[in-house]
Amino acid sequence: MQIIKPDTNIDFVSKRKLAVIVSALLILIGIASLVVKGGPNYGIDFAGGTLVQVLFVEETDAGTIKDVLSGLDLGSMSVQRFGDNANEFLIRVENSSGELKGLSAEIGAALSAKYGADQVDIRRVEMVGPQVGKDLRSKGIKAIFYAMLGLLVYISWRFEFRFAVGAIIALVHDVTITLGVFSLFGKEIDLPIIAAFLAIIGYSLNDTIIVYDRIRENLAKYNKESFAFIVNRSINDTLSRTLLTSGTTLLVVLALFVLGGGVIHNFAFAMLVGVLIGTYSSIFVASPILIFWEQRKAGKLAAQSQ
Amino acid sequence: MSKSMKIRGGLVLICLVLALFSLAPTLTSNLPAWWTDTVDPIHRGLDLQGGMHLVLAVDVDKAVESRVDTLIDQTEALLREKDTVYKRIERRQGDRLVVIVYDDQAGTEVDALMVESFPSLEQETFTVEGGFIEKHFRLSDTEIENTRDYAVRQALETMRNRVDQFGVSEPTLQRQSGNRILIQLPGVDDPDRAINLLGKTARLEFKMVAEEANLQDAVAGRLEPGTRLLYEKNVNRSTGAVTETPIVVYDKTALTGDLLADANVRIDTRFNEPYVAIDFNSVGAKRFDQITAANVGKRMAIVLDDTVYSAPVIRERIAGGSAQISGAFTSQEATDLAIVLRAGSLPAPVSIMENRTVGPSLGQDSIDKGIKSIIVGGILVIAAMVIYYQLSGLVAVIALVLNLFFISALLALLGATLTLPGLAGIVLTVGMAVDANVLIFERIREELRLGKAPKIALDVGYSKAFLTIIDANLTTLLAALVLFQFGTGPVKGFAVTLSIGIVASLFTAIFVSRVIFNFFLESRTIKRLSI
Numbered sequence: 000m001q002i003i004k005p006d007t008n009i010d011f012v013s014k015r016k017l018a019v020i021v022s023a024l025l026i027l028i029g030i031a032s033l034v035v036k037g038g039p040n041y042g043i044d045f046a047g048g049t050l051v052q053v054l055f056v057e058e059t060d061a062g063t064i065k066d067v068l069s070g071l072d073l074g075s076m077s078v079q080r081f082g083d084n085a086n087e088f089l090i091r092v093e094n095s096s097g098e099l100k101g102l103s104a105e106i107g108a109a110l111s112a113k114y115g116a117d118q119v120d121i122r123r124v125e126m127v128g129p130q131v132g133k134d135l136r137s138k139g140i141k142a143i144f145y146a147m148l149g150l151l152v153y154i155s156w157r158f159e160f161r162f163a164v165g166a167i168i169a170l171v172h173d174v175t176i177t178l179g180v181f182s183l184f185g186k187e188i189d190l191p192i193i194a195a196f197l198a199i200i201g202y203s204l205n206d207t208i209i210v211y212d213r214i215r216e217n218l219a220k221y222n223k224e225s226f227a228f229i230v231n232r233s234i235n236d237t238l239s240r241t242l243l244t245s246g247t248t249l250l251v252v253l254a255l256f257v258l259g260g261g262v263i264h265n266f267a268f269a270m271l272v273g274v275l276i277g278t279y280s281s282i283f284v285a286s287p288i289l290i291f292w293e294q295r296k297a298g299k300l301a302a303q304s305q
Numbered sequence: 000m001s002k003s004m005k006i007r008g009g010l011v012l013i014c015l016v017l018a019l020f021s022l023a024p025t026l027t028s029n030l031p032a033w034w035t036d037t038v039d040p041i042h043r044g045l046d047l048q049g050g051m052h053l054v055l056a057v058d059v060d061k062a063v064e065s066r067v068d069t070l071i072d073q074t075e076a077l078l079r080e081k082d083t084v085y086k087r088i089e090r091r092q093g094d095r096l097v098v099i100v101y102d103d104q105a106g107t108e109v110d111a112l113m114v115e116s117f118p119s120l121e122q123e124t125f126t127v128e129g130g131f132i133e134k135h136f137r138l139s140d141t142e143i144e145n146t147r148d149y150a151v152r153q154a155l156e157t158m159r160n161r162v163d164q165f166g167v168s169e170p171t172l173q174r175q176s177g178n179r180i181l182i183q184l185p186g187v188d189d190p191d192r193a194i195n196l197l198g199k200t201a202r203l204e205f206k207m208v209a210e211e212a213n214l215q216d217a218v219a220g221r222l223e224p225g226t227r228l229l230y231e232k233n234v235n236r237s238t239g240a241v242t243e244t245p246i247v248v249y250d251k252t253a254l255t256g257d258l259l260a261d262a263n264v265r266i267d268t269r270f271n272e273p274y275v276a277i278d279f280n281s282v283g284a285k286r287f288d289q290i291t292a293a294n295v296g297k298r299m300a301i302v303l304d305d306t307v308y309s310a311p312v313i314r315e316r317i318a319g320g321s322a323q324i325s326g327a328f329t330s331q332e333a334t335d336l337a338i339v340l341r342a343g344s345l346p347a348p349v350s351i352m353e354n355r356t357v358g359p360s361l362g363q364d365s366i367d368k369g370i371k372s373i374i375v376g377g378i379l380v381i382a383a384m385v386i387y388y389q390l391s392g393l394v395a396v397i398a399l400v401l402n403l404f405f406i407s408a409l410l411a412l413l414g415a416t417l418t419l420p421g422l423a424g425i426v427l428t429v430g431m432a433v434d435a436n437v438l439i440f441e442r443i444r445e446e447l448r449l450g451k452a453p454k455i456a457l458d459v460g461y462s463k464a465f466l467t468i469i470d471a472n473l474t475t476l477l478a479a480l481v482l483f484q485f486g487t488g489p490v491k492g493f494a495v496t497l498s499i500g501i502v503a504s505l506f507t508a509i510f511v512s513r514v515i516f517n518f519f520l521e522s523r524t525i526k527r528l529s530i
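Chains as they are written, first to last, in numbering that gives the first Met the number 0: chain A, 0 to 305; chain B, 0 to 530.
FYI, nobody ran anything at the bench for these hints, they're computed from the structure.
We put the beta carbon where it would ideally sit given N, CA and C, even for glycine.
Accuracy of the hints is not assured; some may be wrong.
Listed below are the simulated PhoX-like cross-link pairs for lysine-lysine, each with C-alpha atoms no more than 20 Å apart in a straight line [said to hold, decoys possible]:
1. 451/B - 526/B
2. 297/B - 285/B
3. 5/B - 220/A
4. 251/B - 297/B
5. 4/A - 451/B
6. 5/B - 454/B
7. 285/B - 61/B
8. 220/A - 454/B
9. 138/A - 223/A
10. 526/B - 454/B
11. 223/A - 36/A
12. 100/A - 232/B
Which chain A residues stay away from chain B? Per the calculated CB distances, all over 12 Å, these [as the list claims (entries may be wrong)]:
13. 14
14. 25
15. 38
16. 58
17. 87
18. 117
19. 201
20. 267
21. 301
22. 302
Given only the sequences and the hints, what does the whole structure look like? Please build it.
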C-alpha cells in the first residue's frame, strides 16, 4: 500500500511565507494566553503545594468536598473529578507543610470525619515544599537548555552549523507552541510534562534530522538545481516515511491518552500536541529556515560584490 | 546456509536465550535459587507498587545551637570548679557563646580557661555594657560545617535504625545534597505512622520541675532566668479528650535519652494500659541514682520533644536505672515510641520537603492501564505496518515484539526501576521503533522503483538507511541522556526506558530484521518482494 505516490512533488517550499505566518500566529496565541494567565500554570512539582487523590465509596461532589475542607488553612484550593471512577477526586491546595502531621493528614482526617473512615480511600498524596519546587523548576529549565546545547553541537558536527540552527529553531518553535496549547487548555505543567517536552524535542529532532539527511544526500545528487528545489525534493522524498512514522507514534500516544489513566493523561496530551507540531515543523519550519539562511547569504554576497 | 548467516542467526538466538533467562524471575517465582540470585525481577517504582517517597531536611542550625548549648553546660561546670565569679552564660545568634562577668580579673580568668579547654573557639568581641564585661566565643566555620555535616549523617544513621526496626522490605535511604535525606519505603500501608516514626526527634530529657515558679506569670511570658514553660499532655481515659497543663521546669537537663540501654513496651495492670519501660546504661543508671537521691520529694518531668509526658514525684532514691514513660498511649503509639527510643534520637528536628505517597490499589491500577495501552497501541501499530508493508511489515512486527522483549530483559538485567512514566516511555518506543524499519522499507521501495533486483534493493536499502537511522537515534538518545542526568524520580524512569528502548530498537530494527529477511531469502530466488 502507498499513501504518497513515488512521483509526488508537492511544492512545500513556496508556501514557506504562509508557514511563517501560521507559526507566528500559533506562537502569538500561546504567548498571549501565557501573558493573560500570568505565566505557565505550574503544578505542585514546580509551584509547591499539596495534592490528595481520594476515592469515595458514596457519591459526592466537588462542592461538598470544598465545604468540608473550608475550615482548614489550605490556601487556594481546587477539587476536580479525576480518572475513570465516578467518585474519585483530585484535591489540590496551595499550601504545603513541613510538619510531620502534614496537610494531607488533616485533609484525610476532615474527610473521614464527614464521610466516615471506611468511605474514604486516600490513594495518592503528593506534597512538595516551596524550596523543592523552586529547585525542580530550575533543574527542568537547565535540562531543556543542556539538551538543546548538546544537540546543537552534535548536529553541527554531523551536518553544518546552519542545519543545527534550523533544528534548534524548530525545537523552540515546537516547545513554545505546546506550552501555549497547555496554557490555552488550562493544563498544569508538572515533572512528567517536562519529560514529555524532552520527548517531543527528541521526536521532532528525529524527524528533522531525517529530512536534513536527505538534503545532504540530494545536494550531492542534484548539483545543478537550486537549493530551494533540493530542499523541496528532499521533503517529498521523505514524506511517506514522515507520515507513516508520525501515524504510528500518534496511534500509541492516542492509546495512552485514552487508556493510560489519569496520571498519564496530561503526559499523553503533551505528546499528542508535540508530535503533530513536530511533524509540521520538520516540513514547514526546519527546512525552509535553511532556504532563508541561503537567501540571506546570497543577498550579502551580492551586496559585497557591488 | 552461509557461514555469516549462521553467525548472525546464532547471535540473535543467544540474545533471545539471554533475554529469556533474565526475564524468567519476573514472570514466575518457581525457579531455583541460583537463578533468582543472579537476576532480580524487574524493580517496580513506588508509583507502580505503592509506597512512599520522602525528602526530609535536617534543621542543621538547630544542631549547631545544641552544640553551643553543650559547650555552655561544660563551661558552667568548669567555671564553678575554678570558683570564677560570673553573672550569666548564654547562647546568642545560634553559634555564639557569651559569658558575662563583673570585672576584668574574672574576664582574664574566663579567657584563660576557654583558651585552655576549647582552643577551637574564636574569641570575637569584647564589649563593656552597663558595667559588665561580655566575652564572646564563636564556633569556627569549619566546626560549624562539621557539626552540620555530622548532624545529617547521624540523622541518616538513626533513621536507618528506625526503618530496620519498623520492618520495611527494601527501603532506600540516601543523603542528598546539603542537609536533605531521601527515603523510599515501598509498600508502606500506614504512611502517617511511617512519617511519625522517621521524623520524630525523640529527644528524651529528664528535667526537674520548678515548684516555686508562678504559673500565671509563666503563661503570661514572665519566666525566671534558667526556667522554661512546657505543657503536660493529659488524655482523659473515659472521654479521650486531650488537655494541656502548663508546667515550669528548669532549663538544665538532668538526664538525656542518650544514656538509654533499652526501651520496651509493657502493660500497666491497673488500667490495662501500655507504657514504655526504659533501662539506662551504667553511666545513666549512676546519674539517675544520684539525681533521685538528691531530689527526693520533688517532681521530675519526663520530657519528649518538649512535651511533658508525666511529672511524677520522686518518692525515694532509685537505683538500678529503670524508669517508665506513661501517658495514655495506644499500644501502637507505645510500640513506636519504644522503637524510636531504642534507635536513638535525631540530632536535630527534621521537616518534610517532599512527600509522594501512592496507595497499592492505585499502583496496580496504573500497571493494568499501562499494559492495556501497550497492547492496544501495539496492535494498532502492527495492523498499520502489515497493511502498509505486507510481509515485510510482518518482519518489522517480529522485530518490534522482540524489541519489547529485549527492553524488558535489559530492565531486569540492569536492575533499572520501571515507573509509570517509564511505561509511557516504552509505549513511545513502540511508536518510534518502527521508524527505523519504515526508513529502511521506504529506501528499498525506492531502489525497487529504480528497477533493481529484490536482493540488491534490500542490500542498498539497508546500507543507505543505516546512517540516517544512526543520526536520528543518536540525537534522541542524547536528549534522553540529558533527561536522565536531570533525573528526579518520575522523569528518570522515563529517560531510562527511552534510552534502553532506543538501543534495543537499533538492534532489532537494523540487525534482527535483516537476519529474518536473509533467512527467508537466502536459499531462493525471488522475483517480487512483498513490501
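Handout entry: Least C-beta distance between residue 14/A and chain B, which was stated to exceed 12 Å
Key = 24 Å, holds
Problem - Agreement of residue 526/B and residue 454/B with the hint, judged by alpha carbon distance not exceeding 20 Å - result: Holds, because 9 Å separates the two Cα atoms, which is no more than 20 Å.
Practice task
Take the C-alpha atoms of residue 5/B and residue 220/A, compute the straight-line distance between them, and say whether it is at most 20 Å.
Solution key: 37 Å, violated
Practice task
Take a quick look at whether residue 138/A and residue 223/A sit within 20 Å of each other, Cα to Cα.
Solution key: 48 Å, violated
Practice task
Below or equal to 20 Å on CA atoms is what counts here, so check residue 451/B against residue 526/B.
Solution key: Roughly 11 Å between the alpha carbons, so the hint for residue 451/B and residue 526/B holds.
Problem - residue 223/A paired with residue 36/A [C-alpha distance capped at 20 Å] - result: 52 Å, violated
Handout entry: Verdict on residue 58/A as a residue remote from chain B, using beta-carbon distances over 12 Å
Key = 19 Å, holds
Practice task
Would you mind confirming whether the straight-line C-alpha gap from residue 285/B to residue 61/B stays at or under 20 Å?
Solution key: 29 Å, violated
Handout entry: Check on residue 301/A being off the interface with chain B, judged by Cβ distance over 12 Å
Key = Holds, because the least Cβ-Cβ distance between residue 301/A and chain B comes to about 34 Å, which exceeds 12 Å.
Exercise for the section: For the pair we were handed, residue 5/B and residue 454/B, check the Cα-Cα distance against 20 Å. Expected result: 19 Å, holds
Handout entry: Proposed proximity, residue 285/B with residue 297/B (alpha carbon, max 20 Å)
Key = Measuring from Cα to Cα gives roughly 19 Å; hence the hint holds.
Practice task
Take the C-alpha atoms of residue 251/B and residue 297/B, compute the straight-line distance between them, and say whether it is at most 20 Å.
Solution key: 15 Å, holds
Checked against the numbered hints above, the structure breaks hints 3, 7, 8, 9, 11, 17, 19, 20 and satisfies the rest.
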